[in-house]
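Q: Residue numbers (our numbering), protein chains in the order written: chain A, 180 to 595; chain B, 180 to 595.
These are calculated hints, taken from the structure and not from any lab test.
For every residue, glycine included, the Cβ atom is placed at its ideal position computed from N, Cα and C.
Possibly wrong hints are sitting among the right ones.
As the list claims (entries may be wrong) - Computed list of lysine to any residue pairs in SDA-like fashion (alpha-carbon distance at most 20 Å, straight line):
| id | chain 1 | residue 1 | chain 2 | residue 2 |
| --- | --- | --- | --- | --- |
| 1 | A | Lys191 | A | Leu211 |
| 2 | B | Lys308 | A | Gly331 |
| 3 | A | Lys437 | B | Lys308 |
What the hints assert, rightly or not - Facing chain B, a subset of chain A residues (Cβ under 8 Å, in silico):
| id | residue |
| --- | --- |
| 4 | Ala241 |
| 5 | Gln242 |
| 6 | Tyr313 |
| 7 | Leu316 |
| 8 | Thr320 |
| 9 | Pro327 |
| 10 | Glu465 |
| 11 | Glu467 |
2 protein chains.
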Amino acid sequence: MDYQEWVRAELKRMSDAAGFCYTPAGEIETRLSRLRAAMAEKETEAVLVVEKMDLYYFSGTAQDGVLYIPLEGPPLLMIRRETERARIESPIHAVTEIASLREIPGRVRDMGGGLPRNMGLELDVLPVKVYRRYGALFPGTRLLDAAPLIRGIRRIKSAFEIRLMKRAGKIGEEVFLRAREVLREGMTEIELGGLMEAWAKRLGHEGLLRIRSLNYEAYSWHILAGPCGGIVSQSDSPMGGLGLSPAFPVGAGHNLLKARAPILVDFGICYHGYQADETRMFSIGEMEPKFRDAYRACRRIHDAILAEARPGADCEVLFDMGTALAEEMGYRDNYLGPPGLQTRFVGHGVGLELNEFPFIARGHAYPLEAGMTFALEPKMVFPGEGAVGIENTVVVTEDGCEILTPAAAEIFTVSR
Amino acid sequence: MDYQEWVRAELKRMSDAAGFCYTPAGEIETRLSRLRAAMAEKETEAVLVVEKMDLYYFSGTAQDGVLYIPLEGPPLLMIRRETERARIESPIHAVTEIASLREIPGRVRDMGGGLPRNMGLELDVLPVKVYRRYGALFPGTRLLDAAPLIRGIRRIKSAFEIRLMKRAGKIGEEVFLRAREVLREGMTEIELGGLMEAWAKRLGHEGLLRIRSLNYEAYSWHILAGPCGGIVSQSDSPMGGLGLSPAFPVGAGHNLLKARAPILVDFGICYHGYQADETRMFSIGEMEPKFRDAYRACRRIHDAILAEARPGADCEVLFDMGTALAEEMGYRDNYLGPPGLQTRFVGHGVGLELNEFPFIARGHAYPLEAGMTFALEPKMVFPGEGAVGIENTVVVTEDGCEILTPAAAEIFTVSR
């Protein structure tokens, strides 16, 4: 059977049957016109989108390729693999197959406008070697950094994106309920993590979480029990956990879940690329009072920040409010990590990546805007003992914010 | 409790109890001296290792930091987070804490040798923005590409590394046996994938697979049943599968496992950073003869290539041998993908990353060497119907090669 024929006849039907949502054409048009407005302001003649999640955002497909967006005229999607599939997934009309990056300048010229005098690329992630290759392919073109424009646009989510994030949050709720069913004393952190993941994937969780970084890696199984909750590691997080080895020294490990000690479950879900980040506490038998109190303090900080979170609220002011409240309640040495290792953020933008704007953080003095989505995660660390916290992903609305992660904000307690 | 004190007193003990293997000092010394020999040859005065797996390879830690390696004199490990842990994990003597990259030149100067006239960085992965930052921090230093040196050294594995890969292979064997126990008709691909992963993690699989690339993402759950085995996608692989959405259009999806159709399970395991890549076929009831025959053809190609794989054997010649054999057996239009979309490799180096040297591939005319490890994966694709194949990870020995993935090379058949 001819592959292309088969794909054209069957793939859309199979994808529909599997519940695929495609990015609507109107959605792509809006995103492109917002990018073009930003390009015009920065006198950028073209943007070449190379990073996979940016490509998915502006084209609807995550196939292997690049998207050329001139300031004026239609965009051109150039795909290395697999073109037929990109045509099904993307509402962009001009889709062309390329065997190599070498063919890009020719395809751009074929559009009639010649090569641009300047062109933006995502220099925050593009490797030097690939950048130099583009430099040689576009010799008369000045290469600019398009990452600030792209990240700036991606910070405001559409109703379509928020719907996908809500679906992720709903999967999370089911996974947390499931965790309570399977959790038992003597299980390891990673065993619980594996079972939660298996359940999450059945429900549509894509397995990988994504973060825009060379070296940071995101993962769902950040499950830290008892003393492991008090271990800081490579990640910019209040607690890293022991992990499974020096090569992966974060997240769940072979540590046993024990009664009464806090079990922190920070479990991200990814649905159609959109992530919901969420933390709940678990306990086998009643959790020790010290940790219950600290958890309540986290909830109080969480609620206080969300009560002020609305368009116009300053992100640094929100961060400082949380810190002041933690100090007032006596948790200065526990809030967001042990002394000297405390993180300087309590919230991070979430969407296709886990480090989007805004950051509810020191040094981030800018206002919240309607459509921003972020995960808010006040946490307390007790070295040698454990960690507690809560985390929800929220969207900023016209006059406040709405939680996208509906799991009950309680300590999930199972009997011994 | 003071965090640093607690870490110094407890973390090593906890890690030992959890079965952590640390990279021995002698191992690090050998790796560094091999790098220095390559640096001397290329007149490179220093290398600054920035990528996480390169850092783990040359220092034993994957904490957030960089390793400065001068051509002469001891290396300096500079850690942003978490320094106490890096001290436990790394045999390197000089470990210093930095708050920001800005402090790097000062720390290098403190070593007494001044700043180098040239310095290698991994330009194949280093983002332009970070590269420019280093350029500003080392204004009189010419920045070179150290990736070819580093990848060249990493291509030959030590006995220590091979032991870790064998452990990964052993976990894989148990996971494949477990898969046969849980597999049943009507399950989805992703459900099986989730259960296999959960089992693998209990046994030490670290969850993430790693590939050296901006846009390629590696994952364990490449489980493709029936027609999904015939779908090509973004990945440079004979078959991509349907995946879970346009944002993750590869690997296992919600497709149901059906009797008699081929179920291809390509499942990578990562143990202490070291990967074993492996494919086995599953079937519910007897697999249809057409696919059984194609599977036997894959095994024949696999065995023929391995029979010739020894130090000195040319990788391109091995690749061509596989292609000729596939054509001779009548599989020209199925081997390594559908016509026009066939991949040009049948094997890829495996270690800390899934795209290491060597590649058993078109255009890779270089000899195998003892200590190289690669995954060999002849596969056949039938659009609209399915895919079959076999894959083992092997190490090249002094006079042949040895399979590191011991799962039985059979079709794992369960009754209906």
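Q: Verify the interface restraint on glutamine 242 (chain A): the C-beta must sit less than 8 Å from at least one C-beta of chain B.
A: holds (5 Å)
Q: So, as I understand it, the hint says tyrosine 313 (chain A) touches chain B; can you test that by seeing if any CB pair is closer than 8 Å?
A: Because about 10 Å separates tyrosine 313 (chain A) from the closest Cβ in chain B, which is outside the 8 Å limit, the hint is violated.
Q: For lysine 191 (chain A) and leucine 211 (chain A), compute the direct alpha-carbon distance and say whether it is at most 20 Å.
A: The hint is violated at about 25 Å.
Q: Close enough to count: is the Cβ of alanine 241 (chain A) nearer than 8 Å to one in chain B?
A: Given a least distance of 5 Å, the restraint on alanine 241 (chain A) holds.
Q: Should the hint that threonine 320 (chain A) touches chain B count as held when the rule is a Cβ pair under 8 Å?
A: violated (15 Å)
Q: Hey, does the glutamate 465 (chain A) contact hint survive, CB to chain B under 8 Å?
A: violated (23 Å)
Q: For the pair supplied as a hint, lysine 308 (chain B) and glycine 331 (chain A), confirm whether the alpha-carbon distance does not exceed 20 Å.
A: holds (17 Å)
Q: Using 8 Å as the Cβ threshold, decide whether glutamate 467 (chain A) counts as touching chain B.
A: violated (16 Å)
Q: Check whether the Cα positions of lysine 437 (chain A) and lysine 308 (chain B) lie no farther apart than 20 Å.
A: At roughly 45 Å apart (the allowed maximum being 20 Å), lysine 308 (chain B) and lysine 437 (chain A) break the hint.
Q: Can leucine 316 (chain A) be said to touch chain B, with a Cβ gap under 8 Å?
A: Cβ of leucine 316 (chain A) sits 15 Å from chain B, so the hint is violated.
Q: Min Cβ distance, proline 327 (chain A) to chain B: is it shorter than 8 Å?
A: Given a least distance of 10 Å, the restraint on proline 327 (chain A) is violated.
Violated hints, in rising order: 1, 3, 6, 7, 8, 9, 10, 11; the structure is consistent with all others.
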